[in-house]
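As you go down the protein sequences, you meet chains P and C in turn.
Add 6 to a position in the first sequence, counting from 1, and you land on the number used in my numbering.
Add 165 to a position in the second sequence, counting from 1, and you land on the number used in my numbering.
Keep in mind that a hint or two might mislead.
Said to hold, decoys possible - List of simulated lysine to any residue pairs, SDA-like, C-alpha gap at most 25 Å:
1. P:K323 - P:I385
2. C:K380 - P:H457
3. C:K294 - P:L416
4. P:K462 - C:N179
5. P:K323 - C:L425
6. C:K380 - P:L443
7. C:K382 - P:H457
As the list claims (entries may be wrong) - Partial chain C-side listing against chain P, Cβ under 7 Å, derived:
8. A287
9. N309
10. V313
11. K316
12. S447
13. L448
If you're looking for bench data, these hints aren't it; they were derived computationally from the structure.
Ideal placement from N, C-alpha and C gives every residue a C-beta, glycine not left out.
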Amino acid sequence: MDSNSLEQNINLIRNNIGTKNYLTVKEFYIGKEQPLDAAIVFISGLVNKEIIDRDVLAPLMYKVNENLTGKANLADYLSKTYIPMSNTDVIEKMDDIITMIKRGKTAILINGMTEAILIDAAGGEARSIIEPENETTVKGARDGFTEKLETNISTIKRRIKDKDLMIETFTLGRRTQSEVAVFYIDSIVDKNILNELRKRIKAVDIDGAISLGMLQQYIEDYTYTVFPQSFTTERPDRAVAELLEGRIIVIIEGYPVAMSIPSLFIQFFQAVEDYNQRTVVASFSRILRVFAAFIVLTLPSIYLTLIKYNVELIPIKFVTPIVQSRVGIALTPFMEIVLMSIIVEFLREGGLRLPSKIAQTLSLVGGIIIGDTAIKSKIVSPATLLIVGVTVVATFLIPNYDMSLCIRILQFPVLILANMMGILGIAIAWFLILAHLSSLDSFGVPYFEFHLSDLKDTFIRLLYGK
Amino acid sequence: MNNREKILKENDYNLTSSQYTAVVFGTMVGVSTISITKGIVRYAHQDLWISTAVGAIFPIYIFILTMVIFKKSPGENILTLNRKYFGKFAGGLLNLILLVYFLITLLIIGNTYIDMITTFSAGFLSPFKVALAVFAVSAYAASNGLRVVAKVSQIALYLTFLLILPSIMALKEAKIINIYPVFESGFSGIVNGGIEAFKQYLGIEIIFIIYPYLKQKDKMAKVTVNAILLTTLVHVWIGFISVYYLGSDVILKSDWSFLLVTESVTISLINNFRYIFILVWSLIILKSISLYYSALLFCLKDFTSNKFQYKILAFVVLPLLVLLCIEFENIFPTEEILNFITISYEIYLIFLGTLMAITVSIKSPKEQRKN
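Same shape as in the complex, but just chain P (with noise of 0.2 Å):
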């Protein structure tokens, strides 16, 4: 501090955290005979009154029988002899000291010193670890990030003990100043890959991190693409996971969510169930999530084309009933698709934000009512229904949200080309999608590229130890 005024630095700390801020600032005397003026100051709601009250404040107060005028070290003194708490520092620096206070740390300013002497007696109402509503599991762990990041890194750091687990704190956020940590293992952990996301952390330029979502869209490279380009997950076993694969983890203050750096497409058909369940069984569900893919992007345009372009390779068994349920439909079989796709487009997003009595209703109008009155009224054929009941129930099998929703809207160019080019389209469309994921790179590392050596927990999951 450039001042050893209580006064001055107290308004400087003011100014700099905001007149209009709920900083509490509580002047007091320390010792005898000559008592020094003192003011303790913290941001209310950040820390725990309490603490203050009994640790800090009582001890200085009352417990101080000695003239400290002209004491030497008298900050290091103070915090050695009388704050009974194990987190003290002492503190010159005045931005240092401001951006503490903004991270709920406790300063003691005492008239005539240049230093403050800091305290960790952060609290405030925050929410428990509770498990994760989008990432459940059967076996899992129960517990979930939460909006707190001193409880995450613990989360974390509980579970990987470690030496050479490093977390790293930047700010971001030009007027929300978060904290983000970055956590990897050094000895495992691709150092360009590390400092390339130093370097792009510390270039984003914002007036606040609303969310580890713009986060993830800030530091990514392809930004057109619809495919997610970072992992992200609610769940503190899963990020452990990822670290022990030499990833990176970033989590930023006030989010449940860590985003995991450089990640790969297959990464987002894996669960943390297929570690917990038996080889054979994580193996068919890994290979039913990836069919399902397929289901979801091929099916509806599978039978587009049947039904508008290949009648001959119908089944006649199939043929009967397919043309019989068509009879009376005005739509083309592309806009009854397209418009039951539609649909059931409005009811999940409809459904995303609504409260679950509400929902319910939504669920029962939206299934049963204008499913049944859909067909009732000619509108669509019951195949066609089928079909896209088939593909929405698919969807739901890809672990990931944001794979799932870009899968689900790729499903509508692909049957736009098919309904263009029939068969050729499918297989355009295929093929474009597969040169696409092949051209993408996370961090540099391939999006999507197979090694024979890593098959072995891909499509399935082999035997541990083999």
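Given the structure of chain P, go ahead and fit chain C onto it with the hints provided.
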């Protein structure tokens, strides 16, 4: 160079061994593979499957030449070496012939695919639409670099085997009489069939261009031989099962004999296997077109002295390719002309490879001594 580029340079520019195998395999197995028996049957009759194996002499010879060139100059492909050893004009001319060859091959594949797709499943499509769609997506893939096409080729390689595998079911309905008597066409018949089969192995010449891009240089011989072996296996099997199931008389009258074999496969939901076959084979053909497109871009980049990026070149030649493809039958009105061009190029490739192998063998040691 930023860190991402550093990682990309380490991981992404060169091909892994399996990608290299897939590329070499992918150039030889494509649109003409399902009609492999067409030309050979005239010479070798029921022994055509032996001729398909004899035809492998062509890729083996090209492979030997490449190994000679590769040993002497592993970092430069034939396009660079042509200019280096034969000067700007002669070297440029040799490269131009290669460029025209890749262009014509692209047109042939494109045209054959148009015939196939419009005959079997999408008769409502105009040749222009098919050509535009097919070449545009191939241009997209090729413009993203060889590694992208190589990855797609890897998937296509697995798909090729997946598609060919069900044809085993044809064995139970085949007649042994169709392949008897073995060796009836005699030595000359089988050899002539083998020479005819050379054209089925065209595509191997891509190794002249891509060998500097293999990451593990010490595995060059192994991966190329693997690709040739896999290709020969596919060709011999298609030749064998076609003649075993259909007989040489039926093959003579069919353009795409292997498609008839696939009819023997029945899937309960779909009337015949052909739909799935055409769908997946389309992917394989798109992969072949992308590979040739990449080769064409390599030649074009060399021709424009590396002034333009692949992305620009790919979309500049696209309209020309589409135009030439729909005018294909006017440019090459008869099959004889096409046969003549194909044979000329087989001879040219053998000549070019041999010439370069001799040249590097004579000139390269001197240069090394100089250095």
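Taking the hints in turn, this is what the structure says about them:
1. P:K323 - P:I385: holds, 24 Å
2. C:K380 - P:H457: Holds - the C-alpha atoms of H457 of chain P and K380 of chain C are around 14 Å apart, at most 25 Å.
3. C:K294 - P:L416: Roughly 22 Å between the alpha carbons, so the hint for K294 of chain C and L416 of chain P holds.
4. P:K462 - C:N179: holds, 24 Å
5. P:K323 - C:L425: holds, 23 Å
6. C:K380 - P:L443: holds, 21 Å
7. C:K382 - P:H457: holds, 18 Å
8. A287: With a minimum Cβ separation of about 4 Å from chain P (threshold 7 Å), the hint on A287 of chain C holds.
9. N309: Holds, about 4 Å.
10. V313: For V313 of chain C, the interface hint holds, since the closest Cβ of chain P sits about 4 Å away, which is under 7 Å.
11. K316: Status holds, d = 4 Å.
12. S447: Holds - the Cβ of S447 of chain C comes within 7 Å of chain P, reaching about 3 Å at its closest.
13. L448: holds, 5 Å
When each numbered hint is compared with the structure, no violation occurs for any of them.
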